[in-house]
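Chemist: What follows is the residue order along each chain.
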Amino acid sequence: MKRTRWSFWWHLGSLPILLLTLLPVYLMLKISVSPPAEVLTPHPTFGLHHVTGEHWKALLTSGALWPPLLKSLLVATWTMLGAIALAAPAAYAIARLPQRWKYPLLLSFFASRMIPEVGVALPVAVQFLRWGLEDTQLGLALAHLIRTLPFVVWILAGTFETIPVALEESAQVDGCHRLQILWYVVFPLAAPGVAVAALFAWLESWNEFTYALYLSLTENTLPLQTYYYVIRGSWFDAATYATFLAVPVMLITAALQRYLKAGYLMGALKG
Amino acid sequence: MPQKLKHHTLTGLMVLPLFLYLLAFAAVPLFSCVVLSLTDGASNAFPSLDNYRVLFRDDQFGQAFQNTLWLTSLGVSLEVLLGLAVALVLQRLVWGRAFVRAVVLTPLGLPTVVAGVMFIYLFSSTGYVNEFLYRLGLISAPIDWVYGGWRSLGVLLMAELWKVTPVVAFILLAGLESIPETVYEAAAVDGAGAWRQFWHVTLPLLRPSLLMAVVVRAIDAFRVFELPLILTGKSFPVLGTLAYSEYYEYDNPFTSAAAATVLLAIIAACIGGYLFLMTRRPMEGA
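Protein sequence lines correspond, in order, to chains L and H. Under the working numbering, think of the first position of the first sequence as 1, with each following residue one higher. Under the working numbering, think of the first position of the second sequence as 1, with each following residue one higher.
Same shape as in the complex, but just chain L (with noise of 0.2 Å):
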């Protein structure tokens, strides 16, 4: 067959794909691991040539990384619970509406992630400092749930629309009344579906970064601090900070990579 033969080329064609994805991760990883006298120069080198931990043990040490490691960790598990509780629920009604209102309902809340954060946080952060919520773990959560909600509604709903009605009718014929059916059948099956969602809500407060900047005015989160020592131009503090930020995703993003479909990606993360 024809497509074999060019099978090899379209194997070749990976290899710059590979690289060029590659490249700015290991130089990252490599700034994180070299001294200075490898990096600071006008002609910096690109292989591994002496490997040191000082970076990395500045940055234990340091004493700067745990309050904003503390606060991203609870920021980002309040905004994976409240996501989960909130939509849930509403991804359960909606997966059981008509067709005619699933979508535009589902497209509509989706709206709200299309919103510039420049103006949306501008408001809220006024807001918050009336209502005392600014710099607070709360307030950031709230604030990352904007962006986060939608999404995990439209998998939440992706979710619970695989379960078939059918056996909701037959454990409400065993005499189970709806709230029983919800616990004992339905979220029993929905189960990987809210963890994958979860996660994903999970992940993306802990990587945002435009809320936090606006409504954080003493505690940094890590993204945050990583972007204060890009600002000081602290090269190598950027590098641990960046890719201490960078482990976490990448462990979660390999773990959910089979849960990946396009309609996901549609509004999953943006540039």
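Read the hints as simulated data drawn from the structure, not as lab findings. Ideal Cβ placement from N, Cα and C applies to all residues, glycine included. Check the hints yourself; a few may be wrong.
To be verified - Only some residues are given here: those of chain H computed to face chain L with a beta carbon under 8 Å:
| id | residue |
| --- | --- |
| 1 | Phe25 |
| 2 | Ser32 |
| 3 | Cys33 |
| 4 | Leu38 |
| 5 | Tyr121 |
| 6 | Tyr128 |
| 7 | Val129 |
| 8 | Leu157 |
| 9 | Tyr244 |
Stated by the list, open to error - Label pairs and their calculated CB-CB ranges:
| id | chain 1 | residue 1 | chain 2 | residue 2 | range |
| --- | --- | --- | --- | --- | --- |
| 10 | L | Ala111 | H | Arg207 | 17 to 27 Å |
| 11 | H | Pro180 | L | Phe8 | 55 to 65 Å |
| 12 | L | Pro98 | H | Val183 | 27 to 37 Å |
| 13 | H | Asp58 | L | Pro36 | 34 to 44 Å |
| 14 | L | Gly132 | H | Leu69 | 35 to 45 Å |
Take the given structure of chain L and dock chain H to it, following the hints.
Modeler: Relative to chain L, chain H alone:
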């Protein structure tokens, strides 16, 4: 009947919290952003177009507007071309398919800040791109990549491409995989070579996915914020960073809101255009 009523009440109760949340934290702030942009900061008069007048007279705004349009139009076109190439390669891989897929997905999940840091290392004046060009003998003195103008645009395009081409590639890959093999077989029987198959079978059938990729990316691209903030700063303002600096550096929430509203209007026009295209050709949008 009461059973049915109960059913609707339960549905309502389940959707209500989400609905209220989005109302309070998305719809209301958005509305106040527009109101803020129409409020005169000095006298609190409403409605007033003063903020827009100030903004439109400002050189930075004109630049930011142009920069945003260039970045979006060039960025989205390049992303679609490159994304299509990556998707075609991914579809045809037999050996190492899972590995290449995983690598291609990597930039997509990473925080944008991290992508920004990586591209600083590449494009700073003592960075790796300059060193690479120097070793090739193409330059003798380092190039200041983020000086502004076309070079800054190029740097931002590279960073954007690196970060988001995977999104486009995976949307298009799903589209490619949904084209049944039998269509190609029929085309081959009719004597169509690889190139004609691509041009007359693949591309037309891929149109819904292409349209979706373009719109999804365009909406995101207009909002670009973190990469210009980190990589080019003041030398290459876009609407997002302009709105930010109006508020944080000049302490003027009113012009900041006006800049954000302009951005919002562009995005709304973009969504409107997409819906128009969808409803005009209802079969293709699904």
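Chemist: Given Tyr121 of chain H as an interface hint, is its Cβ closer than 8 Å to any Cβ of chain L?
Modeler: At about 5 Å, which falls below the 8 Å cut-off, the nearest Cβ of chain L leaves the hint on Tyr121 of chain H intact, so it holds.
Chemist: Can Tyr244 of chain H be said to touch chain L, with a Cβ gap under 8 Å?
Modeler: holds (6 Å)
Chemist: Assuming the hint says 35 to 45 Å, is it satisfied by the Cβ distance from Gly132 of chain L to Leu69 of chain H or not?
Modeler: Holds, at about 40 Å.
Chemist: Using the nearest Cβ pair, does Leu157 of chain H come within less than 8 Å of chain L?
Modeler: With Cβ-Cβ at 11 Å, over 8 Å, it is violated.
Chemist: Between the beta carbons of Ala111 of chain L and Arg207 of chain H, is the distance compatible with 17 to 27 Å?
Modeler: Since the Cβ atoms of Ala111 of chain L and Arg207 of chain H sit about 24 Å apart, the hinted range of 17 to 27 Å holds.
Chemist: Are Val129 of chain H and chain L close enough, Cβ to Cβ, to be under 8 Å, as the hint says?
Modeler: Since the shortest Cβ distance to chain L is 10 Å, the answer is violated.
Chemist: Let's test the interface hint: is any C-beta of chain L closer than 8 Å to that of Ser32 of chain H?
Modeler: holds (4 Å)
Chemist: Check the following: the C-beta atoms of Asp58 of chain H and Pro36 of chain L are separated by a distance inside 34 to 44 Å.
Modeler: holds (41 Å)
Chemist: Per the CB criterion, is Tyr128 of chain H less than 8 Å away from chain L?
Modeler: holds (6 Å)
Chemist: Does the Cβ-Cβ separation between Pro180 of chain H and Phe8 of chain L fall within 55 to 65 Å?
Modeler: violated (25 Å)
Chemist: Against chain L, run the beta carbon of Cys33 of chain H and see if the smallest gap drops under 8 Å.
Modeler: holds (4 Å)
Chemist: Just to be careful: measuring from the Cβ of Leu38 of chain H to every Cβ in chain L, is the smallest value less than 8 Å?
Modeler: violated (13 Å)
Hint check: violations occur at hints 4, 7, 8 and 11; the rest are consistent with the structure.
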